[in-house]
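Could you build the full structure based on these sequences and the hints that come with them?
So the protein lines, in turn, are chains W and Z.
Using the numbering used here, read the first sequence as starting at 1 and increasing by one per residue.
Using the numbering used here, read the second sequence as starting at 1001 and increasing by one per residue.
Don't read these hints as lab results, they were simulated from the structure.
One or more hints might be untrue.
As the list claims (entries may be wrong) - Calculated from the model, a selection of chain Z residues having no Cβ within reach of chain W, i.e. all distances over 12 Å:
| # | residue |
| --- | --- |
| 1 | Arg1176 |
| 2 | Arg1228 |
| 3 | Pro1317 |
What the hints assert, rightly or not - Here are the computed lysine to aspartate or glutamate pairs in the EDC-like style, where the Cα-Cα straight-line distance is at most 20 Å:
| # | chain 1 | residue 1 | chain 2 | residue 2 |
| --- | --- | --- | --- | --- |
| 4 | Z | Lys1087 | Z | Glu1309 |
| 5 | W | Lys313 | Z | Glu1006 |
| 6 | Z | Lys1027 | W | Asp99 |
| 7 | Z | Lys1087 | W | Glu30 |
| 8 | Z | Lys1087 | W | Asp99 |
| 9 | Z | Lys1180 | Z | Asp1269 |
| 10 | Z | Lys1207 | W | Asp109 |
| 11 | W | Lys87 | Z | Asp1269 |
| 12 | W | Lys27 | Z | Asp1134 |
| 13 | W | Lys87 | Z | Asp1100 |
Even glycine gets a Cβ: it sits at the ideal position worked out from N, Cα and C.
Protein chains: 2
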Amino acid sequence: MTTLVEVARAAGVTAATVSNVLRNRGKVGEETRRRVLAAVESMGYRPNLMARALVEGKPHTMALVVSSIANPFYPEFALEVERAARKLGYFLLVCNTNDDPAQERAYLDAVGGALAQGVIVMNADFVQLDALQDLRRRGVPVVLCMWERPQEPPPLPCVAVDLYQAGVLAAEHLLRLGHKRLGAVCGSEPTGNHQWRLRGFIDTVQKAGVELPASHLRYGHDTIDDGRNAAHSLLAGVPGLTAVFATNDLPALGVLQAAAELGLEVPRDLSVIGVTDIQLAHQMRPALSTVAMPTAEAAMLAVQMLQSEITAKPDHPLPISITEPPRLVVRASTGKPRG
Amino acid sequence: MTTLVEVARAAGVTAATVSNVLRNRGKVGEETRRRVLAAVESMGYRPNLMARALVEGKPHTMALVVSSIANPFYPEFALEVERAARKLGYFLLVCNTNDDPAQERAYLDAVGGALAQGVIVMNADFVQLDALQDLRRRGVPVVLCMWERPQEPPPLPCVAVDLYQAGVLAAEHLLRLGHKRLGAVCGSEPTGNHQWRLRGFIDTVQKAGVELPASHLRYGHDTIDDGRNAAHSLLAGVPGLTAVFATNDLPALGVLQAAAELGLEVPRDLSVIGVTDIQLAHQMRPALSTVAMPTAEAAMLAVQMLQSEITAKPDHPLPISITEPPRLVVRASTGKPRG
Chain W
1 MTTLVEVARA
11 AGVTAATVSN
21 VLRNRGKVGE
31 ETRRRVLAAV
41 ESMGYRPNLM
51 ARALVEGKPH
61 TMALVVSSIA
71 NPFYPEFALE
81 VERAARKLGY
91 FLLVCNTNDD
101 PAQERAYLDA
111 VGGALAQGVI
121 VMNADFVQLD
131 ALQDLRRRGV
141 PVVLCMWERP
151 QEPPPLPCVA
161 VDLYQAGVLA
171 AEHLLRLGHK
181 RLGAVCGSEP
191 TGNHQWRLRG
201 FIDTVQKAGV
211 ELPASHLRYG
221 HDTIDDGRNA
231 AHSLLAGVPG
241 LTAVFATNDL
251 PALGVLQAAA
261 ELGLEVPRDL
271 SVIGVTDIQL
281 AHQMRPALST
291 VAMPTAEAAM
301 LAVQMLQSEI
311 TAKPDHPLPI
321 SITEPPRLVV
331 RASTGKPRG
Chain Z
1001 MTTLVEVARA
1011 AGVTAATVSN
1021 VLRNRGKVGE
1031 ETRRRVLAAV
1041 ESMGYRPNLM
1051 ARALVEGKPH
1061 TMALVVSSIA
1071 NPFYPEFALE
1081 VERAARKLGY
1091 FLLVCNTNDD
1101 PAQERAYLDA
1111 VGGALAQGVI
1121 VMNADFVQLD
1131 ALQDLRRRGV
1141 PVVLCMWERP
1151 QEPPPLPCVA
1161 VDLYQAGVLA
1171 AEHLLRLGHK
1181 RLGAVCGSEP
1191 TGNHQWRLRG
1201 FIDTVQKAGV
1211 ELPASHLRYG
1221 HDTIDDGRNA
1231 AHSLLAGVPG
1241 LTAVFATNDL
1251 PALGVLQAAA
1261 ELGLEVPRDL
1271 SVIGVTDIQL
1281 AHQMRPALST
1291 VAMPTAEAAM
1301 LAVQMLQSEI
1311 TAKPDHPLPI
1321 SITEPPRLVV
1331 RASTGKPRG
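See the structure below:
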């Protein structure tokens, strides 16, 4: 890749002068300016985004508001959003609300008002639809990403993933393997964010004639620790379970740890399956079977939608993009039940 | 939404002049300046950050530039920086350069020039000291965080952690347990970021009269996968190793996985110790012994230093803050060697 220094050498100027020309700063004679730009072009030097922004008179920035940057899904998603944004010539600023509604409002006001042309907000337990609608009414483009129930869209532009289907796929996989004593660990409260995944799982299991009473379900936060605690409670309370579905990979990893602590071999004694396919899912041993979210696709759709919103006329109809359905990824943590 | 061009038309100036006024750049007469700001206000032009900064005095935003948001340390650190920044009344914008020098420069130009009052940059393999010095010369406050060698400070304001000491502590721990057949997995190249941790380890081991030839060392990236590969190579190439030091927790987790794949029980057959104490270190089973970095303290010092830099006079001496030393955290992955 051509560097600034190489361009400078070819144009017979200093790197600072090339930088000044690209930034439209400092005093550079017209002849020198032309020579620098010719070198930039002929050598294929990729001008940075700020240079482009200055030329076009716009800052070209999108913001991504996430609720919990310490949850590994969010940085992985942020990386995909950044890649997609960069392709369209936007910087990405990541704002973490730390599950704090006041902090979310403060960020929305700041980024929406001044720091970015528009905002992508991750659907999460604490997301405030009313605050987002307010923001949109004030003319700030907003896209809600990872809405989990395309059939019941929110009152906002959104990118939706059918995560009911994730529960269906997980259940079908376990049923196909022959499991009949099933449990589930939900990474949100019963009416929270993960309810659709859990409902897809429960509906599918019950349609197959397999019982799944409330005593086989546990609820908690979307963390490894809560998954581990839930699994200990579940495995102590419901003897003979052969498989556990967790509504996200982090609690699923917690279930794997509980199994190890109890001396259960996975998948011989217990099958475990999650949802999302974060990096850790394939990095852990045993590698985690899971239902993969179309993370990169959702990121790209969100960025494209936000770009459309930025340039759209007021009062256009609410857009919704639905990703490809999630898909089953079978790894080492699921197998046939013993005996 | 009012555009810059509309404001320019109303004020009877060019768009470039409006931009110059909002950015406080170029030569604009006071009368013109007032006319432009009046047009901005009366037309409800949504000021970008710079405009708001001019009107309100300051936007109160700090940027954190990280090299790899998918590495779990960075989001955990970002969370601490955000907490610290919020205490002082600043928003935090997180910019991920994805280990791309061009992307780093582009972010630095953008955030430093317009989006934030100052920038905290994480010391990493790809950090460009010259670009940071350039930025500082142009008047943008910069703090380099997590510099690993306080004795040899960089030509920039910095927060340093003595990570040579991390290697010393890990070595002392393993030696105290009685290990004499040691290996090390470095999460950077030999001259890279992790060299000080590794040197601390090597120096301490050799001072104790234990051999640690080059054949007992492996180098790679700071990832679980590279740690696993390095451990397989090390355990195959050096029979009888009883303990492995990894210069970071991610490769240490990879060593744990390699051990599991080879049927080695940790710590009975192999002790493993890392550096940093990311969340995963205590969440994994066996929980990882490690040398904890003072992450929260470093974040607070960086934010405080950046605030001082923002208000400091030009040409003040380069500040350096040194954190408390890292400290040993013993968990389940280290124990006495067998036999």
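Now the hints, each set against the structure:
1. Listed as outside the interface, Arg1176/Z is consistent with that label: its C-beta sits roughly 28 Å from the nearest C-beta of chain W, beyond the 12 Å cut-off.
2. For Arg1228/Z, the condition that its CB be more than 12 Å from all CB atoms of chain W is violated, with the nearest at approximately 8 Å.
3. Under the 12 Å C-beta cut-off, the non-interface status given to Pro1317/Z relative to chain W holds; the minimum distance is some 25 Å.
4. Pair hint Lys1087/Z plus Glu1309/Z holds up; C-alpha atoms about 17 Å apart against a cutoff of 20 Å.
5. Only pairs whose Cα atoms come within 20 Å are accepted, and Lys313/W paired with Glu1006/Z is accepted, the gap being roughly 17 Å.
6. Distance hint between Lys1027/Z and Asp99/W is unfulfilled; the C-alpha atoms sit about 45 Å from each other, more than 20 Å.
7. The suggested pairing of Lys1087/Z with Glu30/W is violated, with an alpha-carbon distance near 48 Å, which exceeds 20 Å.
8. For a cut-off of 20 Å, the pair hint linking Lys1087/Z to Asp99/W stands: about 17 Å separates their Cα positions.
9. Annotation: proposed proximity of Lys1180/Z to Asp1269/Z holds, straight-line Cα distance about 13 Å (limit 20 Å).
10. For the proposed pair Lys1207/Z and Asp109/W, the alpha carbon gap of about 57 Å is over 20 Å, so the pair is violated.
11. Between Lys87/W and Asp1269/Z the CA atoms are separated by roughly 49 Å; this puts the pair beyond 20 Å, and the hint is violated.
12. This hinted pair checks out: Lys27/W and Asp1134/Z have alpha carbons roughly 18 Å apart, not beyond 20 Å.
13. Between Lys87/W and Asp1100/Z the alpha-carbon distance is near 14 Å, which keeps this suggested pair within the 20 Å criterion.
Checked against the numbered hints above, the structure breaks hints 2, 6, 7, 10 and 11 and satisfies the rest.
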